[in-house]
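Working from the sequences, and respecting the hints, build out all of it.
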Amino acid sequence: MGFLKHVFLSLMISLAFWSLPAASADLLAKADTRMPAKAGAVDITQVVVKKAERRLFLMANDKIVHSYRISLGDNPEGHKLYEGDERTPEGQYTLDWRNVHSDFYKSIHISYPSAHDRELARAWGLNPGGSIMIHGLPNNAGDMAFAYEGLDWTDGCIAVNNKAMDEIWQLVSNGTPIRILP
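Sequential numbering from 0 applies to the sequence shown in numbering that gives the first Met the number 0.
No wet-lab data here; the hints were simulated from the structure. Treat the numbers as computed from the prediction; the structure is a model and nothing was measured. Note that the Cβ used here is the ideal one computed from N, Cα and C, for glycine as well. Please note: incorrect hints may appear among the correct ones.
Calculated lysine to any residue pairs in the SDA-like style (CA-CA distance at most 25 Å, straight line) [stated by the list, open to error]: (1) 62 x 147; (2) 49 x 73; (3) 49 x 74; (4) 162 x 53; (5) 162 x 175; (6) 49 x 147; (7) 49 x 60; (8) 162 x 130; (9) 162 x 121; (10) 62 x 169.
Listed next, with one range per pair, are the computed distances between beta-carbon atoms [said to hold, decoys possible]: (11) 172 x 126: 27 to 33 Å; (12) 162 x 51: 33 to 39 Å; (13) 124 x 77: 16 to 22 Å; (14) 154 x 100: 15 to 21 Å; (15) 125 x 63: 33 to 39 Å; (16) 124 x 145: 38 to 44 Å; (17) 59 x 83: 33 to 39 Å; (18) 141 x 59: 34 to 40 Å; (19) 148 x 102: 15 to 21 Å.
Here's what the structure looks like:
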C-alpha cells in the first residue's frame, strides 16, 4: 500500500508541475536568484574573517550575529601576493557582486586586488590575480561534500558549506565591507 501511495503522489506532483501555465514557468525562470532578507533580520554591517581561527563572522556593528567554519587556500598563511600562490588575501575589501552560476555553490566576489595589492605584485613582476570569492562547495561534490569540512582546499577563496552559503547569500548585501585578518 505504501508503494502505491508513493507512486500516486509522485504522479500527482508531476501532473501539477507540467500543468503550470507557460507564463508561470517563464516568471519562475526569470526570478531574481538573490534570496530576500528575512523579515526582522539584523542588518549586517561588516563581514570579518579570522584566517588563523578558520572563522567567518557576520557583524551588526560590533556584535557577532553569525559565525561559520571556513576553508581557505592550500597555502593559507600570509597575504596573497600573486595569482597561483593559493593564499587568501588579508586586509579591507568589499563584497561587490555575486554569481549564482559559478563552479561552486553560489559565490560572492571580494574586491581583491586593491591598488596596493596590484602595486605589490607589480614590484615582484607578477600578476596579483583576482576572482577571490566567498563560496560554497564545488557543484560536483555530491556525496563527497563531507570530505571538504575542516580542510584548506581552495585556490585562495573562502569556502563554507552550502547551508552557510545560503545564509550568507541572504543576509549580506553587495557593498558590505569585509575585513580579512591573519
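Status of the hints after comparison with the structure:
1. 62 x 147: violated, 29 Å
2. 49 x 73: holds, 16 Å
3. 49 x 74: Since the Cα atoms of residue 49 and residue 74 sit roughly 15 Å apart, the hinted pair holds (cutoff 25 Å).
4. 162 x 53: Holds, at roughly 17 Å.
5. 162 x 175: Between residue 162 and residue 175 the Cα gap is close to 20 Å, so the pair holds against 25 Å.
6. 49 x 147: Since the Cα atoms of residue 49 and residue 147 sit roughly 19 Å apart, the hinted pair holds (cutoff 25 Å).
7. 49 x 60: Holds. Residue 49 to residue 60 sits at ~17 Å (cutoff 25 Å).
8. 162 x 130: Since the Cα atoms of residue 162 and residue 130 sit roughly 22 Å apart, the hinted pair holds (cutoff 25 Å).
9. 162 x 121: violated, 38 Å
10. 62 x 169: holds, 18 Å
11. 172 x 126: 27 to 33 Å: holds, 30 Å
12. 162 x 51: 33 to 39 Å: Roughly 24 Å apart at Cβ, these two residues miss the hinted range, so it is violated.
13. 124 x 77: 16 to 22 Å: The hinted range 16 to 22 Å holds for residue 124 and residue 77, with Cβ atoms some 19 Å apart.
14. 154 x 100: 15 to 21 Å: The hinted range 15 to 21 Å holds for residue 154 and residue 100, with Cβ atoms some 18 Å apart.
15. 125 x 63: 33 to 39 Å: holds, 36 Å
16. 124 x 145: 38 to 44 Å: holds, 41 Å
17. 59 x 83: 33 to 39 Å: holds, 36 Å
18. 141 x 59: 34 to 40 Å: Because 35 Å falls inside the window, the suggested range holds.
19. 148 x 102: 15 to 21 Å: The hinted range 15 to 21 Å holds for residue 148 and residue 102, with Cβ atoms some 19 Å apart.
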